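Asks: Full structure from sequences and hints, please.
In order, the protein sequences belong to chains X and Z. Last residue of the first sequence: 628 in this note's numbering, with the numbers rising by one and none dropped. Last residue of the second sequence: 272 in this note's numbering, with the numbers rising by one and none dropped.
Among the clues, some could well be false.
[To be verified] Within a straight-line C-alpha distance of at most 30 Å, the following computed DSBU-like cross-link-like pairs (lysine-lysine) qualify:
#, chain 1, residue 1, chain 2, residue 2
1, Z, 159, X, 589
2, X, 478, X, 435
3, X, 435, X, 556
4, X, 101, X, 60
5, X, 589, Z, 170
6, X, 435, X, 351
7, X, 478, X, 521
8, X, 556, X, 589
9, Z, 159, X, 556
10, X, 489, Z, 159
11, X, 489, X, 435
12, X, 175, X, 521
Since the hints were derived computationally from the structure, they do not count as laboratory data. Please read these numbers as outputs of a predicted model, since none were measured by experiment.
The residues making up each chain are set out below.
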Amino acid sequence: MSLDTRQIQPTKPTPAGGGDGALAPGRVLQNRYEIMGILGLGGMSAVYQGRDRRFPGVMKLCAVKEMKSHSLDPQMRQIAVQNFEREANILATLSHPAIPKVYDYFSEEARSYLVMEFIEGRDLEAVLSEMTGFLPQEQVLEWSIQLCDVLQFLHDRNPAIIFRDMKPSNIMLDKHGRLRLIDFGIAKNFQPGQKGTMIGTEGYSPPEQYRGIADQRTDIYALGATLHHVLTRQDPRVEPPFSFHERPIQSTNPAVTSEYAQIIMRALEYEPDRRWPSAEEMQRVLITLRPASVAHYGARATAHIDSGEVQPLWTFACEDEIRSAPILSNGVLYVCSYDHNVYALNSTTGKFLWKYATDGGIAGSPCVVDDRVIIGSDDRVVYCVNAQTGRIAWTCPTQGRVRSSPRAQYGHVFFGSDDRRLYAVNLQSGRASWKVEMDGPVRSSVAIGDDLLYFGDEAGSIYCVDIRGTIKWRYSTKRAVTSSPVYSKELQLVVVGSQDGTVYGLDAQSGWVVWRFRTGKAVISSPCVDEGMVYIGSADTNLYALEAKTGRQIWKYATDGQVNSSPAAANGVLYVGSVDGMVYSIDVKTGTLRWRVHTNGPVISSPIIEEDVVFIGSNDRLVYALPA
Amino acid sequence: MSVAENSLSASQSRVRQLQIGHVSDVGLVRSHNEDASLVVESVFEGDQAAETVGLFVVADGMGGHQAGEVASALAARMVAGRLMQDVYIPYLRQVTHQADQLPLTEALQQAVEAANQAVHDQVPGSGTTLTCALVINARVYLAHVGDSRAYLYYNHELKQLTRDHSYVDKLVELGQISLEAAAVHPQRNVLYRAVGQGDQLEIDIHLLDLPNSGRLLLCSDGLWGMLSDRIIQAVLASAHSPQDACQKLIAAANEAGGRDNITAVVIERVGG
Chain X
1 MSLDTRQIQP
11 TKPTPAGGGD
21 GALAPGRVLQ
31 NRYEIMGILG
41 LGGMSAVYQG
51 RDRRFPGVMK
61 LCAVKEMKSH
71 SLDPQMRQIA
81 VQNFEREANI
91 LATLSHPAIP
101 KVYDYFSEEA
111 RSYLVMEFIE
121 GRDLEAVLSE
131 MTGFLPQEQV
141 LEWSIQLCDV
151 LQFLHDRNPA
161 IIFRDMKPSN
171 IMLDKHGRLR
181 LIDFGIAKNF
191 QPGQKGTMIG
201 TEGYSPPEQY
211 RGIADQRTDI
221 YALGATLHHV
231 LTRQDPRVEP
241 PFSFHERPIQ
251 STNPAVTSEY
261 AQIIMRALEY
271 EPDRRWPSAE
281 EMQRVLITLR
291 PASVAHYGAR
301 ATAHIDSGEV
311 QPLWTFACED
321 EIRSAPILSN
331 GVLYVCSYDH
341 NVYALNSTTG
351 KFLWKYATDG
361 GIAGSPCVVD
371 DRVIIGSDDR
381 VVYCVNAQTG
391 RIAWTCPTQG
401 RVRSSPRAQY
411 GHVFFGSDDR
421 RLYAVNLQSG
431 RASWKVEMDG
441 PVRSSVAIGD
451 DLLYFGDEAG
461 SIYCVDIRGT
471 IKWRYSTKRA
481 VTSSPVYSKE
491 LQLVVVGSQD
501 GTVYGLDAQS
511 GWVVWRFRTG
521 KAVISSPCVD
531 EGMVYIGSAD
541 TNLYALEAKT
551 GRQIWKYATD
561 GQVNSSPAAA
571 NGVLYVGSVD
581 GMVYSIDVKT
591 GTLRWRVHTN
601 GPVISSPIIE
611 EDVVFIGSND
621 RLVYALPA
Chain Z
1 MSVAENSLSA
11 SQSRVRQLQI
21 GHVSDVGLVR
31 SHNEDASLVV
41 ESVFEGDQAA
51 ETVGLFVVAD
61 GMGGHQAGEV
71 ASALAARMVA
81 GRLMQDVYIP
91 YLRQVTHQAD
101 QLPLTEALQQ
111 AVEAANQAVH
121 DQVPGSGTTL
131 TCALVINARV
141 YLAHVGDSRA
151 YLYYNHELKQ
161 LTRDHSYVDK
171 LVELGQISLE
181 AAAVHPQRNV
191 LYRAVGQGDQ
201 LEIDIHLLDL
211 PNSGRLLLCS
221 DGLWGMLSDR
231 IIQAVLASAH
241 SPQDACQKLI
251 AAANEAGGRD
261 NITAVVIERV
271 GG
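Replies: So, in structure tokens, the structure goes:
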């Protein structure tokens with residue numbers, strides 16, 4: 001819902017001409033929206049709680065904002081209508097978890113109406129007035145991070161949108177504990193250099209806004225003022241203007257750390273040039289203050305871009321489930337399916353090029369090297385086929401199903417089998433140079449470090465084997481290690497998950513456990529290590545972001561199903577599938593949802609990203625090419 | 001390239017050990033030494049393995065009526081005691097590679113937290129910095145709180161590994177003051193994080209390699225506060241042994257005024 005007067009009690013309804021009063025409960029607009037009561041009433045507009053009667057079986061609530069243009073001056077009336085339409089148009093194009101959705105817009109009896117998502121909760125001004133003492137810093141810090149996120153989203157639009165009225169009463173805390181920005185009544189597309197009239201709220205607005213200037217840094221100042229207010233409970237509307245620096249946060253609320261206070265004070269600099277240049281930059285520093293042990297508030301956004309907006313570039317139908325990651329090489333996408341085939345597809349169009357049939361389901365990913373595609377099958381055989389033609393080059397039989405994905409290096413291909421062996425097979429001849437026997441089936445795929453191989457087995461060990469097949473060390477977890485390790489050269493770490501529910505960070509040379517992170521259920525997902533972070537899924541439905549050197553949790557994101565897919569990162573965005581049938585696109589810094597796309601089956605397959613396209617399979621048998 | 005061609009030469013037992021230098025000095029101005037330091041080294045050879053485990057601690061206490069030196073000493077002992085129990089004994093018993101053992105970073109954090117609690121409870125009103133390096137073969141695990149520092153000198157380059165948890169360092173980081181202004185800032189001794197502060201102590205953890213002939217320096221602010229990085233680097237580069245490096249560093253800091261207690265521990269990996 002959206003109105004700056006939301007909390008003002010309608011003690012004295014606006015004087016209005018004939019029939020210009022507030023709508024009575026029971027009144028129905030457009031033969032659809034039933035008015036249930038008034039949420040707020042102001043000079044120019046009113047907001048009602050409404051009910052959408054198109055959903056007769058349920059109480060589908062909405063907020064109905066009404067513009068009452070009761071001005072006698074036709075020009076003023078026209079401006080008011082234009083402003084209202086602008087708000088509707090801006091809101092209708094925005095898709096962000098912190099921005100209310102617009103359902104409908106219409107005019108009736110010389111009044112205009114905007115039907116929006118009804119947000120159940122209280123605004124921050126009400127939250128402040130109903131409490132004693134101070135809000136914990138941790139809480140406000142999470143809010144700051146969320147607010148930077150939505151500001152950055154607005155500022156990133158083209159043209160940029162300046163919210164221009166950030167203040168506690170325009171921020172709703174919904175019943176899920178997430179913040180939602182309301183009242184886009186004065187939000188405006190930013191045109192550089194263009195001055196406007198001062199609209200905003202005294203106390204929260206920066207000096208330049210009084211001169212009619214508003215850009216990104218205007219919103220950053222108002223955010224600073226809002227946070228200052230929330231932390232100190234000193235209402236800036238009753239304090240001298242621009243006096244934040246004379247009223248340090250910590251002198252009122254000593255529980256606030258100096259690091260946090262300094263970040264806010266920089267947002268409140270008098271000169272725009274001395275403030276944070278962008279909400280993104282401010283957010284980056286805020287995130288570093290987050291106590292690592294605290295799960296990220298609001299990391300789970302239920303509001304999301306409807307999958308209808310992210311349309312696959314193409315899909316390709318296999319005949320059975322796709323359980324592994326596709327591989328892209330020279331414009332060709334290679335996909336293994338449980339329908340026994342490996343497929344070669346044109347990655348731009350999804351056009352079928354060739355397929356090669358094995359005698360069993362293929363659970364792992366293919367390995368593409370030097371014009372060859374190597375695949376392991378449930379028929380116990382590893383196949384090498386020509387990457388252009390799909391013609392067979394050699395086969396290598398094992399004594400068990402091959403579910404580990406082959407990995408090539410040193411002129412050899414390494415893979416495990418359910419016969420409990422790890423194989424090193426010559427890439428040219430297909431002959432095994434060596435095999436080493438482990439305690440259990442090897443379904444984990446090999447990570448290759450500096451002349452060392454890392455993998456797990458179903459008996460629960462993580463192994464380090466040198467390239468001659470000699471075991472250098474092993475580490476025992478408590479359950480099967482199906483997850484495939486990732487080797488970080490920079491940190492000299494091997495990161496891998498175990499079905500005992502733990503993610504392990506092991507020293508690559510010695511196997512000493514450097515850190516561990518416990519999730520709620522089995523970890524089958526393989527980690528993605530990127531820029532000092534580890535991303536990994538768990539059967540407890542969460543995707544976790546951990547600091548790579550310590551294993552400390554930075555954020556987690558909850559899906560609606562087990563996350564056995566292995567995440568992949570590209571350009572600050574993480575992609576992963578879930579057994580809930582969705583493919584998720586998540587911001588790596590904040591753990592917030594960008595979009596998710598529905599498939600018609602569990603997504604165990606793992607994504608790969610190439611040039612802004614995400615390729616992933618689903619148990620609905622389809623391969624998807626999605627715009628990143 | 002085939003596997004055989006790429007293979008390592010036949011394994012042979014090679015002794016890799018640490019050379020250690022260690023000096024602590026009261027300086028020229030203070031009446032007593034509030035720094036504490038601790039050095040433990042273990043070299044094991046046998047069973048086709050040659051392994052080194054080392055533990056090094058530097059702590060710089062603060063607080064009136066000699067509370068500072070009590071705090072730093074207590075913290076150093078506490079950290080070492082916990083790491084012996086949680087890392088060293090399991091290592092000797094060969095149970096480190098099992099899931100029920102404490103990971104190294106957790107062991108370090110718990111050890112520093114134990115020191116934090118002990119100082120908070122037993123020496124109220126005091127605090128101490130704590131920089132602790134656990135060296136296992138070629139890997140270094142650092143835990144750090146406060147404004148003592150760890151540096152690595154290697155390949156003609158000096159790298160500061162730790163970040164000071166001081167007010168001025170934060171101001172510099174936030175772009176509010178320059179490095180030059182920080183050096184003379186009146187509040188440059190104010191820490192925003194110290195062992196002994198009690199609740200919610202955040203501990204920095206760093207992982208790094210100790211390359212052959214690389215020199216790891218742990219020191220209190222009495223050393224780095226008196227000497228530029230350029231001089232520290234020159235001494236670490238030219239000293240003929242870690243002990244020689246420590247002595248020269250302390251002499252240089254005293255020559256520059258010796259305004260505070262000075263402690264230096266230098267660790268170098270040799271052989272192998």
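Asks: Now tell me, hint by hint, if it's right for this structure.
Replies: These are the hints, each one checked on the structure:
1. Z:159 <-> X:589: Status holds; Cα separation ~27 Å.
2. X:478 <-> X:435: 25 Å, holds
3. X:435 <-> X:556: Measuring from Cα to Cα gives roughly 39 Å; hence the hint is violated.
4. X:101 <-> X:60: Distance ~14 Å between residue 101 (chain X) and residue 60 (chain X) Cα, so the pair holds.
5. X:589 <-> Z:170: 22 Å, holds
6. X:435 <-> X:351: Violated, at about 38 Å.
7. X:478 <-> X:521: 13 Å, holds
8. X:556 <-> X:589: Roughly 11 Å between the alpha carbons, so the hint for residue 556 (chain X) and residue 589 (chain X) holds.
9. Z:159 <-> X:556: The hint is violated at about 33 Å.
10. X:489 <-> Z:159: Distance ~19 Å between residue 489 (chain X) and residue 159 (chain Z) Cα, so the pair holds.
11. X:489 <-> X:435: Distance ~26 Å between residue 489 (chain X) and residue 435 (chain X) Cα, so the pair holds.
12. X:175 <-> X:521: It holds: about 28 Å lies between the C-alpha atoms, which stays within 30 Å.
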